[in-house]
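Convert by adding 556 to the 1-based position in the sequence shown; the result is the number in our numbering.
Hints are all accurate, no fakes.
Label pairs and their in silico Cβ distance ranges:
1. Arg-689 <-> Asp-610: 21 to 27 Å
2. Gln-658 <-> Leu-588: 47 to 53 Å
3. Thr-586 <-> Ser-656: 47 to 53 Å
In silico DSS-like links for lysine-lysine, alpha-carbon gap of 30 Å or less:
4. Lys-674 <-> Lys-688
5. Lys-613 <-> Lys-589
6. Lys-569 <-> Lys-615
7. Lys-570 <-> Lys-615
8. Lys-685 <-> Lys-570
9. Lys-560 <-> Lys-589
10. Lys-574 <-> Lys-589
11. Lys-615 <-> Lys-589
12. Lys-560 <-> Lys-594
Quick caveat, the hints were computed from the structure, so don't treat them as lab data.
All of these numbers come straight from a predicted model, not from anything done at the bench.
Where a beta carbon is used, it is the ideal one built from N, C-alpha and C, also for glycine.
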Amino acid sequence: MDLKPKRIKHELKKEQKKKICDFHVSNPKTSLKDLREKFSTEFNMRIPASTMSDIIKNKEIYRNDEDSYEFRNRGALHPQIEEALHLWFCELRVNKIPVSDQMLIHKAHDFGTMLQIKNFKYSEGWISKFKKRHHISQYTGHGESGSVDEQVVRDGREN
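Using the sequences plus the hints, can you model the full thing?
As structure tokens, this is what we get:
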């Protein structure tokens, strides 16, 4: 019985897919076979013909993508909540109001209630991925403790 060795699966990053698409746009007569050979060598991984074909077919998506350091496009389960929460978060940040994960979860739950979204878990994992999708990092603010109006902080926590 002749068993083939199991194929190692490599995944191209969006940045690499964008590079392939940009090259193909500037060299449209290059065959898929030549593209595979060039970029398999450059990225030091085997690129199947079907993968190369899919990349070229979807080149506009990869060329216009901003988050090229990721592997896949993964959207939010409830984009309405995320959009509202992100706008709320940005408004607080403009006013230099510190925002904790618990505040984000509480406000997301409020938006979910307003949008009549049920059976959604506002977990630490979800908030972590929300922050990653929106490039939000947690840091400790420095400076004068009295630089933020306390009434603004109270209003922000209540809203």
